[in-house]
Amino acid sequence: MNSNRARRALLSAALLALPLSACDTTTSEKPATATKKAPPVRYARDPYPSTYRAYPGAPTLLRNVTVFDGEGNRIDGGSLLFAGGKVVAVGQTLDAPAGATVIDGQGKYVTPGIVDIHSHLGDYPTPSVQAHSDGNEATAPITADVWAEHSVWPQDPGFGRALANGGVTTLQILPGSANLMGGRSVVLKNVYARTMQAMKFPGAPYGLKMACGENPKRVYGSKNREPSTRMGNVAVDRQTWAKAVAYKRKWDKYEAEGGDAPDRDIGMDTLRGVLSGEIMVQNHCYRADEMAIVLDMAKEFGYHVTAFHHAVEAYKIADLLKASGTCAAVWADWYGFKMESYDGIGENLAILENAGACAMIHSDDENGIQRLNQEVAKVLSSARHSGIQISDAAAWKWLSLGPAKALGIDAQTGSLKPGKMADVVLWNGNPFSVYTRPEKVWVDGALLYDANDPKRRPVSDFELGQPGSGDVK
Amino acid sequence: MKRALLLLATMLATPAMAQTVAITGGTVAIGDGSAPIEGGTVVIASGRIVAAGRGVAVPSGAQVIDAAGKWVSAGVVSALTDLSLVDADGVQESNDAGARNSPFKAAIDVSLGVNPAAVKVANERLFGVTRAIVTPSAESSIFAGQGAVIDLGADPDAVTRPRAFQFVELGEGGGKLAGGSRPAAFALLRDAFAQAQDFRRNPAAFDGRSRDALVTRADAEALLRVLDGQVPLLVHVERAADIRNVLALPRDYPKLKLVLVGVTEGWLVAREIAAAKVPVIAAALADLPAQFENLAATESNVGRLRAAGVPVALASTGASGGDHVLRQFAGNLVAIARIPGATGLDWGQAFASITSGPAEAIGMGGEIGSLRAGRRADVVIWDGDPLELSSVPVATWIDGVAQPMRSRQTELRDRYLTPTEGALPKAYERR
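In order, the protein sequence lines correspond to chains A and B. Letter 95 of the first sequence, counting from 1, is numbered 95 in the numbering used here, and no numbers are missing. Letter 408 of the second sequence, counting from 1, is numbered 408 in the numbering used here, and no numbers are missing.
For the record, the hints were derived by calculation from the structure and aren't laboratory data. Honestly, I wouldn't trust all of these hints.
Just some of the chain A residues that point at chain B, by a computed CB distance under 10 Å [claimed, not checked]:
hint: 1; residue: P127
hint: 2; residue: Y315
hint: 3; residue: A318
hint: 4; residue: G336
hint: 5; residue: G344
hint: 6; residue: N354
hint: 7; residue: A355
hint: 8; residue: R371
hint: 9; residue: L380
hint: 10; residue: R384
hint: 11; residue: H385
hint: 12; residue: V434
hint: 13; residue: P454
hint: 14; residue: G468
To give an idea of the interface, some chain B residues facing chain A are shown, with a C-beta separation under 10 Å as derived from the structure [to be verified]:
hint: 15; residue: Q63
hint: 16; residue: L268
hint: 17; residue: G331
hint: 18; residue: S390
Quick caveat, the model's predicted, so the values are computed rather than measured. Ideal Cβ placement from N, Cα and C applies to all residues, glycine included.
Between the sequences and the hints, there should be enough to build the whole structure, so can you do that?
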């Protein structure tokens, strides 16, 4: 830092000296170019762009259904119309346009597709063999340079299960929590493709996965290097943010004024993106006291924590989370599997909601992602038995609009609002009942799962020709 | 909730064991595979079930509890759990489920690690789990040791049956523990059995205490109980080919009482398992090719096994959400019956898969796991269908003793229902 500042001081002294020497005939040949800086060249912010294209779908009217619109509203005996891949209208009674597919949903429910903000599908695909272990670049405590998308195996059988059993239409793939800064996340549409990029959610912002607590200190402490303690975690984070602030200053100046381009640092690009608000921080953190420290660290360096994930103790600091505008992404009832999950309770999400804090469900699990609706049902049950009344329709926000907001894609998906992507699930009953399953799932208006049609069940390349291939899973 | 507390207060006011209790008017779920019975009665006395069903008379002098509008069921039996052995799984100091560095293997007796005061016990009891089949984990050998059956009662006497079974890893996990391959695991298994028989024939000549001994005396004794069929051998395998190899073992060891565990590819060999009359304890919803040994995994596995005549129980296998997720698993097996091409269970079978199913798999169906007369009185009153996610217990008896309806989780919940601090720090807030 100091040496950089010193170099910059020398550089500006040299520049100031130039006009003076311009009178000197021996150096007067190129005075103009010497004073004129090269124009700035921005590095690519999206060098691996989405090539996702929506599959074709028919204009569809679902009628006589119970609708949870994802924004907290419920319509009994309602209708949903979508066409051209977008939601057209939601209401009590809608007319079917000519040629539309009309589905009578007596006894059935319609919701937005589920958005899972925390998944490792593709990065930790099944079969979970060592050769597939691509989720943690556990070689240094700071690996802000890695991008989860470069590990995604688009043939992971887990994607299809999440679609067919879980009604999951969008998911964020995060690097693992071995590192303090584990790298960039990627948001995917849950549609099988030959390449990762063809699954990539168009225009979704990137996230930076951070982790506090036991994982980084265990991984690096066992290698006898910093961090081996919680204070070590914060120390390495702060040192890194301090460097990132300097990196940002250099690049901001260059991109505004031009001149000699600073050296690229792929990891620092990500942190610069966080500091300038383009990249959202998704922070693995369990304990209330540690989350509070992280919030102050964010203030110290000028970034915002979008969401704490696995926030088992969030219910203890709902007021702090609300004040900082930071969300908590939580499990319904996981507890007791490690020290920092010891205080898990089933009312966590409900207490957060009750206190007006931003909260949502998440899976972090290739099995749990198939039943996130049921996880929310368990939270609702715990809440209601504790005297916290939350309606079913309001609870659906935890499954779609909440995570969509925390991913920065709520203008495109997360609720059944006209103009948004037609990411829709038709459930064969109340989705908060254990006896209910998805019947049909549309992504961008294309029917990609139909329980009644064996041809609308995905079979990934890996499963093809293997025992049980093509079976109901 | 308030009503539940009142109910409990009434119950605690009387000596629990001595009192005959009749729970009337509820929907009764026996847990033996039968359909729920509306307007049934359950009578318990001296810690045992006297009768359960429709038209059951209320004995004179019994304490009568009106369960109209509620469900009355057998308590959930959690199979393959480390409940009571572990405070927090990842905290090694608190974890007695496995013994990586012990010279003993089959001899290990987990009943001596059971902690009735472990907070998870009370937490899980509040969700209707009343018994657990506590299973050691294999960490230094294919033989994990001897599991125990416990109750979740709020008392120091937790062990229902110590040394109730032996647990062995074959398949991929067993191969790894045995040195690198499935054949090595089978070689190890057969040699250990042979050594146990050597020990029986001539105890004095048996080494069993030197550093070079592959099988200690204690291990040999434990294995003889398996070979003699005194305790069942729970074998973890997933792949269809592995299942066939296990089913062939009784040809050489005819008294073996096998129980298959895991068995995600079981549906491919369902008829062979049924013919061998071997019960299965399976993960309900494992539908991913988690390893190469379960490529054919499907949620229909349990239903297809059941349809082929195999008795199936569900495993909790230390679920992160706690043992109580078993009833969610069971409910899902009812749900898939509505998916074309899938095979699920009817309600009675599903509930039995988490009550009498696990009890019968380890030969204890006569003692626990259902509301059939004579069984230990593990009874739960629920405010709705016990498999439904919206339901919770409002009262629970274990061995006929009414249980407290609080746990560390309810203490935490009550402290933080309002997260902000009051006049004193949170540490002073108690109820």
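Check: Taking 10 Å as the limit, does the beta-carbon of A/G336 come near enough to a beta-carbon in chain B?
Finding: holds, 5 Å
Check: Holds or violated: is the Cβ of A/N354 closer than 10 Å to a Cβ in chain B?
Finding: holds, 8 Å
Next item on the list: With chain B as the partner, please determine if A/R384 meets the hint condition of a C-beta pair closer than 10 Å.
Entry: holds, 8 Å
Check: Does the CB of A/Y315 sit less than 10 Å away from some CB of chain B?
Finding: holds, 5 Å
Checklist line | Hinted contact A/R371 with chain B - closest CB pair below 10 Å | finding: holds, 7 Å
Margin query: Min Cβ distance, A/L380 to chain B: is it shorter than 10 Å?
Written below: holds, 7 Å
Checklist line | When the least beta-carbon distance from A/V434 to chain B is tested against 10 Å, hint result | finding: holds, 3 Å
Item checked: Given hint A/P454 near chain B, where the shortest CB pair must fall under 10 Å -> holds, 7 Å
Item checked: Hint validity - B/Q63 Cβ closer than 10 Å to any chain A Cβ -> Nearest chain A Cβ about 25 Å off; hint violated.
Note to self: Min Cβ distance, B/S390 to chain A: is it shorter than 10 Å?
What the structure shows: holds, 5 Å
Notebook entry, point to check: With 10 Å as the cut and Cβ atoms as the points, is A/G468 at the interface with chain B?
Noted result: It holds, given that the least Cβ distance between A/G468 and chain B is near 3 Å, below 10 Å.
Notebook entry, point to check: Should the hint that A/A318 touches chain B count as held when the rule is a Cβ pair under 10 Å?
Noted result: Result: holds, 4 Å to nearest chain B Cβ.
In summary, the one numbered hint that this structure violates is 15.
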